[in-house]
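Protein chains in written order, with our numbering: chain A, 1 to 229; chain B, 230 to 412.
Keep in mind that the hints were calculated from the coordinates and are not lab data.
Do not take every clue at face value.
[Said to hold, decoys possible] Covered, in the sense of this in silico footprint (three residues per stretch, anywhere, with C-beta under 8 Å from a C-beta of chain A), are these stretches of chain B:
1. 236-250
2. 331-337
3. 378-391
Predicted model only: the values in this text are computed from it and were never measured.
Backbone N, C-alpha and C fix where the C-beta goes; we use that ideal spot for every residue, glycine too.
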Amino acid sequence: MKLGVLFSGGKDSVFACRRAMKRNQVACLITLISENQDSYMFHTPNIDRAGVLAEAMDIPILAWTTRGEEELELEDLKAAIARAREEYGIQGVVTGAIESVYQSSRVQRICRDLDLWCFNPLWQIDQVGYLRLLLREGFRVMIIGVFAYPLDESWLGKELDEEVIEKLERLQNRYRINPSGEGGELETFVLDGPILKKRVEVVKFSKIYDNYRGCLQIADLRLVEKLEK
Amino acid sequence: MLIVDLCYEKDSLSRYEFVDPIVQVVRKSGRRYRIRHFSDLGGGETDAEGGVILCGTALKDNSYAGRIEEFSWIRTFDGPILGICAGMQVIASVFGGKIVPWPEIGLKEIQVISETPLLGEPRSITGYHLHNYGVDLPPDFDLVAGSSDNVQAFKRRGHQVYGIIFHPEVRNKWIIERFCQLE
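Same shape as in the complex, but just chain A (with noise of 0.2 Å):
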């Protein structure tokens, strides 16, 4: 089948593309920018960024910019994914939604409208078990953006390891934090992992942060030729 994944760059939308991949093309990555840094829909930090992971995973992108307002950013959502199924004939849409109902029934809707296959690989996933699988796999992500107390400024620029997994699943016990980031708590982009063809290294960033809400903003980046194992 030929599917179109909804893309932020992030952890989520890069293994549920990940997991696509092993049975079903790929056709195209669906970006949407929203102008708006809190909207209710979309992953916002560094989603300019997308492209660039696109380029190191070898597929093509489409980007669409929604105002990013509530309920009227599924119409931008809607006209993306129509434009995709034009541009690139896909049958399916890909998401990496793993407890939003929110997210994932207005996705489902949208499929629905336009009769297209709806995938979310990631729905209900252990999310303490899904961080070590991406691991495993051999992904590197970094954190990007922290949203929710007791996530401080040290957290930017942490890359996902096993202490920093056990920090998050303590976290998880005590305040309730989603580990995964899945409440919003937390955003990742990804650095390298088993889809990339070439790894992104991060050249210059800044940070802006207040209050245990912050981002990295990545300034410059490129895309690095990785060694044959």
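Please arrange chain B on chain A, whose structure you already have, making use of the hints.
Showing chain B alone in chain A's frame:
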């Protein structure tokens, strides 16, 4: 426990979404389980210790509905069965009910109207729906939740055979946990 994958093909991309979440709950319950795609079941599955769960499918996936004869073994299976969404539609078809158009997506209130070991006493619960089709109540089945033209859950009279149209793996994992305890 036998967990049956009803998706359009074996090892499909939908399996992560409709089978794995069920497996996760059954595993946590401590029950032994095995997973089979429905096309691999030849009818000799009458020995599935601990019962059978028939999983749901993607909204656009109705291939199971054209292959109901491959599920005729559930008619003589002598143990608990839980049909989720597509699985409920299969149970309805096998036992003489009908699959009827009935689209619903998202969280909805569900009225439990009669007490059963699976859903407990009558009350209102919230469940996640994802279906284009529902069912007419088959003969010898009792309505457990919803109404006669909006069958949310049913039970075969005198048997631990249940169907629920919503997805218990989303926000109602207790239903699957409770099913794992049924004898």
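(message) Taking beta carbons only, do three or more residues of the segment 378-391 of chain B come closer than 8 Å to chain A?
(response) violated (count 0)
(message) Using a Cβ cutoff of 8 Å, are there at least 3 residues of the segment 236-250 of chain B near chain A, or does the coverage claim fail?
(response) As far as the segment 236-250 of chain B goes, the hint holds, because 8 residues have Cβ atoms under 8 Å from chain A.
(message) Count the residues of the segment 331-337 of chain B whose Cβ falls closer than 8 Å to any Cβ of chain A, and tell me whether that reaches three.
(response) That given contact holds, which follows from 4 residues of the segment 331-337 of chain B lying within Cβ reach (below 8 Å) of chain A.
Of the numbered hints stated above, the single one contradicted by the structure is hint 3.
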